[in-house]
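Peer 1: Chain residues, written in single-letter form:
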Amino acid sequence: MFGYYLDLALRSLKRHRMLTGLMVLAIALGIGASMTMLTVLHVLSGDPIPGRSAQLYYPQLDPQDLKGMTSSKEPPDQVTLIDGQNLLRAKRADRQALMTGGSVPLMPEQSMLDPFYVEARYTSADFFPMFEAPFLYGTGWTAADDDAHARDVVIARSLNDKLFQGANSVGRSVRLAGVSWRIVGVLDKWQPNPHFYDLNTGSFAYAEQVFLPLQTMLELRLDRNGSSDCWGNSGGGAAGILPMDGCVWLQFWVELDTPAKAAAYKDFLLRYSQDQKTAGRFQRAPNVRLRNVMQWLDYNMVVPDDVRLQTGLAFGFLLVCLVNTVGLMLAKFMRRAGELGVRRALGASRRALFAQLLMEAGVVGLVGGVGGLLLAMFGLWLVRQRPSDYAALAHLDPAMLYATFVLSLCATLLAGLLPAWRACQIAPALQLKSN
Amino acid sequence: MIMEIRPIFASMRKHMIPATLIVLEIALACAVLCNAVFMISQRVSDIHLPNAIDEQSLVTVTLRGTDDKLAGSDVPRNLAALRGIAGVQSAAVISTLPLSTNNWGWSFGTKPESTITDQSTTNVSLFFVGPGIDKTLGLRVVQGRFFNDDDYANSSLGSAPLPETHAVVLTKSLVEKMWPGQPALGKTMYTTGHYYTVVGVMADVLRPNIGGQNYSTAFFPLGAAGSKGVQAYYVMHCDPQDRDRIVREAELKLATINPGAVAKGQTYSEIRTKYFANMSSMAWMLVLVCVVMLAVTAFGIVGLTSFWVNQRRRQIGVRRAVGATRGHIMRYFQTENFLLSTAGVVFGMALAFGINAYLMQHYELNRMPWYYLPCGAIALWVIGQLSVFGPARRAAAVPPVVATRSA
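These protein sequences, in sequence, are chains X and E.
First residue of the first sequence? That's 1 in this note's numbering, and the numbers climb one at a time after it.
First residue of the second sequence? That's 1001 in this note's numbering, and the numbers climb one at a time after it.
In isolation and in its complexed conformation, chain X is listed as follows:
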């Protein structure tokens, strides 16, 4: 039966090339536009660290004075240096890392290279195992190195390629900010998207080239950038001046392997806040949050509003295309009233006719899906040509490829329902007589 209906559908579609073409085009355009935007949305709202995002948490405390810097009930998005150091030393989580970003000048030893700036992350030892940063050579530094203010550096593969032509550079040194640092590790290509552990750097397509111990950075007062929010009379953060105690400017991440540990850690944060309040450092009632990676990205609305708007618009467009297809299909099916009347008169049930017409709609959907796929690939190519920071990430993955066909098929079958039902209402006798 299936084969027969398919044959009938193909014959009928071939007979009205113009109408068929219009239907396929409308479906393809609608699918193409909406899949382009859906793919961008899908890529942007993806999990930056699959498999571990549920175990990584971002604790937030509220150290502000009673006036505060924000009127919202949420605690600040970052921690102060004092709280960060306290939580880091408390070691209450399976792993923990305190960090901030910056950029440092690099003076290459090779004379043919001019000095240049590299993006830096100042952090602590657990950073690498916690975020599963892949090492090409060597390893990260240890907690003991943190305490000793070691001048150790982990560099990214791209920088290793540039300075050492990809050779194993562990043990060699590099001059950063006028100081010599020992290379202890080289990271393989690693760029979590979005850049979840510090969203102040720009969320997408950002990767640091050097990783330096935070404690050493504090000692040397290296330049930092990113956001710092202050309250009271605090300020700072100008060239070489670190933000004062009344400023939040560091990110603190913890790894908690089980929900029970997460609950316990939240209790610890509450107790810590209470202790700080008793000691007079905090003025507000304990106000803490403990979000995991995906919750943190959600809370920060990492997906640009523009992308959401465009996706909505693309679906509006798909809807217009579908209504259009419904109309065209109706025109097509009704035009064949005579043929359908003959089939009815020869004994085909309404159900059989309905199936036959839906098969026709399905074929249009499939062909439209192929067209839509090509258009979506073209659309994504256009997106990649744009200078947006997320542009380079816009690629079609297998899941979206599959989704394209499902969406296209479902959409056309849905669009075919009404015309097919309408066409099945034809009274066979009337049609036979008028011919």
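The hints are simulated quantities; they were obtained by calculation from the structure and are not laboratory data.
Don't take every hint at face value.
[What the hints assert, rightly or not] Anything over 12 Å on all C-beta distances counts as not near chain X; from chain E, calculated:
hint, residue
1, G1072
2, S1090
3, D1134
4, A1153
5, S1173
6, D1242
7, V1318
8, A1321
9, W1381
10, R1393
[To be verified] Per the computed footprint, the stretches of chain X lying under chain E, defined by three or more beta-carbons under 8 Å from a beta-carbon of chain E, are:
hint, stretch
11, 22-32
12, 302-314
[Unchecked claim] In silico lysine-lysine, DSS-like type, Cα no more than 30 Å apart, as pairs:
hint, chain 1, residue 1, chain 2, residue 2
13, E, K1264, E, K1253
14, X, K266, X, K277
15, E, K1172, E, K1135
16, E, K1177, E, K1135
17, X, K266, X, K91
18, X, K266, X, K73
19, E, K1253, X, K162
20, X, K189, E, K1274
21, X, K73, E, K1177
22, E, K1172, E, K1274
23, E, K1264, X, K162
24, E, K1264, X, K189
25, E, K1187, E, K1177
26, X, K162, E, K1274
27, E, K1111, X, K73
28, E, K1253, E, K1135
29, X, K73, X, K261
30, E, K1177, E, K1111
31, E, K1111, E, K1187
32, E, K1172, E, K1111
33, E, K1187, E, K1228
Using N, Cα and C, we set each Cβ at its ideal position, and we do this for glycine too.
With chain X's structure known, arrange chain E on it following the hints.
Peer 2: Chain E only, in chain X's frame:
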């Protein structure tokens, strides 16, 4: 005309489904079109925000990695070298530029007790400017004066991130916000530990990051000696056609005389284009969607009307046979389309308004001005009439003899 409308309604009642589909399609298209065009216009007006500096004549080189303690001697030496480049009309240093995304914000109040966290304060972008910046940027001072040599010499950065000076020049928009309806010259703005007196008012200069208050910009004098090296932007004024050459030469020159530092040059136009890159790509995307959507709508109307004409060939033949002219037939289909479009447009306008209200609630979007709705309506009327023209002509070409053939 009235005579013609009644049979049209009668025929529409018999073809409810296709008529409803056309109305629905036009309504959806109208709603999406109005909102998309409104979004485009918002982006375009942002992209073209005026900025009272000579954008087309500016070139800048950022220099980072110099020794902050030597800024007092380095900056004048670097500026002298830049002024020596052929075509450079003037050069000066500044801590940031409009739309550079390098923002340094601070909140000020109009009363001495204002603190940084007070509700009644205004957030302002701070620009620390060196001597000659007014001429180099092409600033227009509309009231009072710009900084003099004493202002520059007496200002420095201490341990706080605010300059130790008492002179400030604000934009026109900012003084209107802080002291509405009052003369601003001589007024003082306060923050904890510091206060600044307005010595001049300049035409509106954009902030490093826009959004909300686009022109809350304050210029503070800062001499090179006390600058701690925060004035990393070297700005040059030149003829627009010399810009590309001067960028290269200036970058090379600063890199040569400051070994170990990093010099990066660009024209001001590049900074502006980069800042608005995302917005302009969104605008282009929306334009593309609108054009394609209108084309699809037009095809849909053509398809449905053609089908309709075909179905009614006999009726048309009869009408022709009893004396209707070709014009009458044409007008019949055109009127029919007009009525359907009108119904669609009415629903569409309501829908457009609803979508706009929803977007306003969930995204940072303004209310759509009322005139978008009639404009969208007219656009769809025109498209409807254009797409019905072909099928209507074919209908008019149906010969009266069709009526005599047995159906």
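Peer 1: All hints are to be evaluated individually against the structure, with a verdict given for each.
Peer 2: So, going through the hints one by one against the coordinates:
{"no.": "1", "hint": "G1072", "result": "holds, 15 Å"}
{"no.": "2", "hint": "S1090", "result": "holds, 26 Å"}
{"no.": "3", "hint": "D1134", "result": "holds, 24 Å"}
{"no.": "4", "hint": "A1153", "result": "holds, 21 Å"}
{"no.": "5", "hint": "S1173", "result": "holds, 24 Å"}
{"no.": "6", "hint": "D1242", "result": "holds, 24 Å"}
{"no.": "7", "hint": "V1318", "result": "holds, 16 Å"}
{"no.": "8", "hint": "A1321", "result": "holds, 20 Å"}
{"no.": "9", "hint": "W1381", "result": "holds, 17 Å"}
{"no.": "10", "hint": "R1393", "result": "holds, 17 Å"}
{"no.": "11", "hint": "22-32", "result": "holds (count 5)"}
{"no.": "12", "hint": "302-314", "result": "holds (count 8)"}
{"no.": "13", "hint": "K1264/E <-> K1253/E", "result": "holds, 11 Å"}
{"no.": "14", "hint": "K266/X <-> K277/X", "result": "holds, 17 Å"}
{"no.": "15", "hint": "K1172/E <-> K1135/E", "result": "holds, 18 Å"}
{"no.": "16", "hint": "K1177/E <-> K1135/E", "result": "holds, 26 Å"}
{"no.": "17", "hint": "K266/X <-> K91/X", "result": "holds, 14 Å"}
{"no.": "18", "hint": "K266/X <-> K73/X", "result": "holds, 17 Å"}
{"no.": "19", "hint": "K1253/E <-> K162/X", "result": "holds, 25 Å"}
{"no.": "20", "hint": "K189/X <-> K1274/E", "result": "holds, 27 Å"}
{"no.": "21", "hint": "K73/X <-> K1177/E", "result": "holds, 28 Å"}
{"no.": "22", "hint": "K1172/E <-> K1274/E", "result": "holds, 26 Å"}
{"no.": "23", "hint": "K1264/E <-> K162/X", "result": "holds, 19 Å"}
{"no.": "24", "hint": "K1264/E <-> K189/X", "result": "holds, 26 Å"}
{"no.": "25", "hint": "K1187/E <-> K1177/E", "result": "holds, 13 Å"}
{"no.": "26", "hint": "K162/X <-> K1274/E", "result": "holds, 27 Å"}
{"no.": "27", "hint": "K1111/E <-> K73/X", "result": "holds, 28 Å"}
{"no.": "28", "hint": "K1253/E <-> K1135/E", "result": "holds, 22 Å"}
{"no.": "29", "hint": "K73/X <-> K261/X", "result": "holds, 25 Å"}
{"no.": "30", "hint": "K1177/E <-> K1111/E", "result": "holds, 14 Å"}
{"no.": "31", "hint": "K1111/E <-> K1187/E", "result": "holds, 10 Å"}
{"no.": "32", "hint": "K1172/E <-> K1111/E", "result": "holds, 20 Å"}
{"no.": "33", "hint": "K1187/E <-> K1228/E", "result": "holds, 28 Å"}
Violated hints for the displayed structure: none, as all numbered hints are satisfied.
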